[in-house]
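Engineer: Here is what each chain is made of, one letter per residue.
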Amino acid sequence: MVKKDYLEEIEGDLDELYIDFLDQYSRTKARRLYNKEVIKLLRPVLVKGLSGSQQLNQYGMFKNYFKSSFRSLKNNTLFSAINMVGLAISMSVGILMILFLSELSSIDDFHTHKDDIYRITSSEVRGTQNQMVKTASSSYYMGLQLEAQVPGIEKTLILDNTRVSFDLKAGDKATPITGFYAGASFFDVLSFKLLQGNPETALTEPNGLVLTQSAAKRLFGDSNPMGQLVSAEQDRFLQTGAAAGVDFKEGIVTGVVQDPPHNSHLQFEMLISLSTLDLRAVQEERDIKNAPGNTNYSVYLVLSENAKKAEIEKAMERMLSNYNTDRADNPLVHNLQPMGDFVTSDTYHSTAPSFSQERIYLMAGLTFIVLLSACFNYTNLSLARALRRSKEVGIRKVTGATRFQVFAQFMVEAVLLSVLAMFAGLVLFVVIRPGILNLAPPSLQGYSMFRLTITPVHLLYFLLFAIAVGAVAGFLPALFHSKLRAGMVFQEVSKVKFFSGVNLRKLLIVFQFTLSIGLIMCAVLINNQYNFALSYDLGYTTDQVITIDIKGDYIDLLENEYAQLSEVVETSKSTWVLGVGGDGLNAGMIQPEDRKGRAISLINHIDERYMDMHELHFLAGSNFLTPLVQGETAKYVIVNEGLLKKLELGSPKASIGKTLWCNGQKVTIQGVVEDMVTIGLTKKFLESFVFIQTNQPDQYKSLNVKVQSNDLGTTFDRLEAIYTAQDPVHPFKAALYNDKIRASYESNRATRTIISFLAFLAISISTLGLLGMAVFTTETRMKEISIRKVLGAGVSHLMVLLSRSFLLLIVIAGLIAIPVTLYIVDSQVLNNFWQRAETGVFETVSGLLIVLLISILTIGWQIRQAAIKNPADLLRNE
Amino acid sequence: MKKTKLGEFEELVLMTVVVLQENAYGVEIKRELESRLNETLSVGSIQSALKRMEEKSFLTSEFGEATQKRGGKRKRIYKATPYAHKVLQDMKDVRTQLWAAMPAAAAKLNFLMN
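Just so you know, the sequences run in chain order A and B.
When you line the first sequence up against the numbering used here, it's residues 1 to 878, in that order.
When you line the second sequence up against the numbering used here, it's residues 1 to 114, in that order.
Extracted from the complex, chain A is given alone in its bound form (with noise of 0.2 Å):
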C-alpha cells in the first residue's frame, strides 16, 4: 500500500512505536494502538497511486464491471427486486445479529481492569434432590484469605450477593430503593465513575452510603447530597422496611457515583459499605469471616499479569481442604470465572443477567440459516437468467476477456446488489428495530442491556458483511458463466449444460418449506393457545375491576376515601390478585385436625367482601359472615375443592364446620368453593387452595376496587391522586385485571410475534427461490411446452403439468413439518401450559394451506407467461 520508497522507513518506525507501546500498555491496547496508526498512514502524499499500466487497465475494467453491473440490474427490473427483497429482508436479520453481538461482547468494556478481572465461583450439591449447584458467588472468608496469602492477585473486592431494596428516608422524603453492599475497594476495582467523594475512602466506615446520581436526584433534588443523613424508613411503610430486616438503619451519604451503564453486570442504585454487615455481625455476635460455607458473597479478582488460573485454583482448594474432610463425599468447589464470561455464559448461577451460549449459537445459527437461504436463492436465480446474459459473455469472451475477467464481472454484479440490499436491509432494519427493543417481555431480565445503536464502524461492519454475503451468492453464477465456451454459446443455447445439482435444489427447496411451514404453524398454534388462554373461564368475575397495588398499611384509609367517589362500586383486598400472582404470593401447610395428612396449598388472605365481588361459586358453606376487628386472628377459612380431595375431607356438605391446622393455626372450613384458575394457565404446581380471612393491614397487598365508569382514563386519575395524598413514595401501579391477567402472557404473545417474524421471513425467502426454480424450468423446458401447445394442450393441462412437480416438494414438506411440528409445540413450546387449547384441523393444515397457495400464485403466474406464448415465435429459429 505504501509507496515504495517509503516502506522500509515506515515499518522500520511502527516497529519501534509498537515496542514502546508494548512497554506502556497491555498487549491487547499495544495493538489496537498499533493499527490505529497504521489506519492514519492512509494519506494522499504516502499512499501508492494507481501507477502502472497493469494497475490502470484493471482500474478502467472494473469500471467498466460497475457500468455494465448497472445496466444489467437496469434492465432485469423485476428479477433485481426480487433478489433485493429477499437479500434485504435476510439482511436486516444479520444486521440485528451483528449488532447483537458486537453489544454482547462490549458488556462490561467500561472496566479499566476488564482482562484481568474474575470472580469466584462455587459448585456444590445441595438440597434433598442431590442437584449439583453452581454459582457464582463464594464466600467472604475465600475472600480475605485469598488477598491476604496468595501471590498475583493485586486487587480484592468482595460485595454482599444479595440485592437488597428498601425504602430510603431523607428529611421527610422518601424513596424505595435497591443496591448491593460492597467492599472498599469497589471503585478501585471496577471502573465506575464516582463523581462526588473520594473514591479510596467513600465505602470504608461502617453506614457509609453510596447514591447514584438518579436515585440522589430523586431523594434531594438539588441541593448537595453529601454527608446528608439518610434512614431505611420504618415508620409507614412496613413490610419494605423493616419486615425486609436490612442491617443496615442508618447512615450518611459517602459519594455519588454515576448511573450504571446499560452495558453494566452489575446494575444498582446505592453501594451500602461492607463493614456496615461487619458491625451488625459484631454485634449479633456472628461470624461472617470465618465461615468458608456460607457462599453468599461476589468475590471479584484483579489477577495481576503473570498469575495463573490453575495455581489460584489449587491454593482455593488447599484453604477449603479443612472444611472439605467433613463433607468428603460433596466437596464445595470454587472456580474462577473471567469478566467476559459474566453475561456470555450461564453455567454459574448469578443475580445479573446471563445469555446461554447455546442460546447465542442458536440465534447466530438461525440467521445463517436464513441468509445462506437468501443467497442460495441469488444463485438459483441467476442461473435461471443465465440463458438470456450468456451471448453477453459470449461476445465478451470472443473480444478478449479472459475467464477470470468474466468471473470478476459477475463477482462484481452480485456484491453490488448485496450492497444495495445491505442499505435497503439497514432501512428495514430500523423499522423494525422499536419493535425488537419492546419485544422482550418485562420479566425477562437483560435484554434492556441492548440498544442497538448503529456507529460508523457498524457500518465498515455492514460493508464488509454485504461484499461477503455478495461474494459468497454470486460465486456460482460467476463460475458457471467463467465457464462457458463462446462457440457454443452462439450455436446452440439449449445444449449448454447447466447447473447439475437438481437433485440438490430439489433438497433444499423440501428444507426451506417445511421451515416455513413448521413455522407458520407453530405462529397459529400459539396464537390459538393465547386466544384459549385469554378467554378461558376462570371460574370468577373480573369486568371492570381496577387492582391496585399497596404498598403500606394505609390501605383501610385509601379503601374509605375510594369508597366515597362515585364511580366505585365495591372494593375488596387480597394479599395477591388471583390468576396472575404477583409480590404477595404465598403458600403454606394445611393439615386436618387430627394432622394425619398434610397439603402444601396456595394461601391468598382476603376480607369479607372478596368472595361475593368476585362472585367465586360456592358449592357449600357460605361466606365470611363478619367483618374481623382489626388485629384479631384469623378463624374461618374458605377452601377449594382440591384441598378436600388432597386431605380426603369428604364432600363439600360434609366438610363444612370442619377444624384445619393453617400453617400451625386452628381454623374453621366455612365454605366450599369450586377450582379455579389460580395463577394463570401457566402454572400449576398447587392444586389446593386456601382463602383465610384476615383484617391485618400489612397482609394486603393488593386492593380491588370494582368501578362503573365510562371514563376509564378519569377514573384512573382520581384513584391515582387519592393514592399519592396516602404514599408519595411508591409510584401509582394500577390494571385493569382483565389487562393484568393479559399482561400475564406477555411472553407468549413475545414468542408468537418473533415466529411469526421467522416465519414471514422463511416463507418470503422460500417463495423468491421458488419462483427462481419455475423461471429456470419454463424457460429450459420453452421448446417443450411450445411443442406441446402445437399438438393440442391447453393453457390449464400445461400449469398442470408444469406446477405439478413443485407442488409435491411442497407437499412432501408439508408431510414432514407437520408431525414435527406438532411435536416440538407439544412438548417444547406450550408445555408449560395445564389447559390446552384443542388442535384442530384448521390449525393442523393452516401451514401447508398457506405456503400451497402462496406458491400456486406465483409459479401459476410465471407459468401462464410461458404457456400464453406463441408457440410459433419459439420454434422459429430451430
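In case anyone wonders, no lab produced these hints; they're calculated from the structure.
Fair warning: this is a prediction, and the values are worked out from it, not measured in the lab.
Just so you know, not all the hints are guaranteed correct.
[As the list claims (entries may be wrong)] Label pairs and their in silico Cβ distance ranges:
no., chain 1, residue 1, chain 2, residue 2, range
1, B, Glu8, A, Lys40, 12 to 22 Å
2, B, Ala66, A, Thr402, 38 to 48 Å
3, B, Leu98, A, Gln24, 35 to 45 Å
4, B, Arg95, A, Ser304, 45 to 55 Å
5, A, Leu362, B, Glu8, 50 to 60 Å
6, B, Thr96, A, Arg27, 45 to 55 Å
7, B, Phe63, A, Thr402, 33 to 43 Å
8, B, Thr96, A, Thr455, 41 to 51 Å
9, A, Leu195, B, Arg95, 43 to 53 Å
10, A, Arg27, B, Glu8, 32 to 42 Å
11, B, Ala66, A, Leu22, 14 to 24 Å
12, A, Tyr461, B, Glu8, 28 to 38 Å
13, B, Glu8, A, Gln24, 40 to 50 Å
14, A, Lys40, B, Arg95, 29 to 39 Å
Ideal placement from N, C-alpha and C gives every residue a C-beta, glycine not left out.
With chain A's structure known, arrange chain B on it following the hints.
Structural biologist: Here is chain B on its own, set in the frame of chain A:
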C-alpha cells in the same frame, strides 16, 4: 511568507528536525514533538509532513543504521537544507516584526475583553 509555502505544522516538524540533528528520524521526531506540544500525534501525520517538505526541498534524507528494535529496518535520517534554514530565519523575522507592532493592538484587545 506565501512563496515559501511552509504550513504551521510543517514548520514545527522542520524545527524539530533541526533540533534533533543526527537523530532526526520518524518516531524520534514524533516523540520530541509530542513531548513539546503535549499532545498525541500519529505516524501518518509526521510522515506526510516530512514527505511533503522533502518534495519542496526543505529536507534531504539518507538511510541511517538499523536496530534490533526496528525489526532490522533502517532509519531514514532527515536533514534541513540551507534553504530551509533561510526560510525558518525569514519566518522568525516576520514574526518578530509583527510582535513588535503588537502592543498597541494587544492593549486594545485586553481593554475590550475586560
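Engineer: Each hint: holds or not?
Structural biologist: Results of checking the hints against the structure:
no., hint, verdict
1, B/Glu8 - A/Lys40: 12 to 22 Å, "holds, 19 Å"
2, B/Ala66 - A/Thr402: 38 to 48 Å, "holds, 43 Å"
3, B/Leu98 - A/Gln24: 35 to 45 Å, "holds, 40 Å"
4, B/Arg95 - A/Ser304: 45 to 55 Å, "holds, 52 Å"
5, A/Leu362 - B/Glu8: 50 to 60 Å, "holds, 57 Å"
6, B/Thr96 - A/Arg27: 45 to 55 Å, "holds, 49 Å"
7, B/Phe63 - A/Thr402: 33 to 43 Å, "holds, 41 Å"
8, B/Thr96 - A/Thr455: 41 to 51 Å, "holds, 48 Å"
9, A/Leu195 - B/Arg95: 43 to 53 Å, "holds, 45 Å"
10, A/Arg27 - B/Glu8: 32 to 42 Å, "holds, 37 Å"
11, B/Ala66 - A/Leu22: 14 to 24 Å, "holds, 19 Å"
12, A/Tyr461 - B/Glu8: 28 to 38 Å, "holds, 37 Å"
13, B/Glu8 - A/Gln24: 40 to 50 Å, "violated, 29 Å"
14, A/Lys40 - B/Arg95: 29 to 39 Å, "holds, 30 Å"
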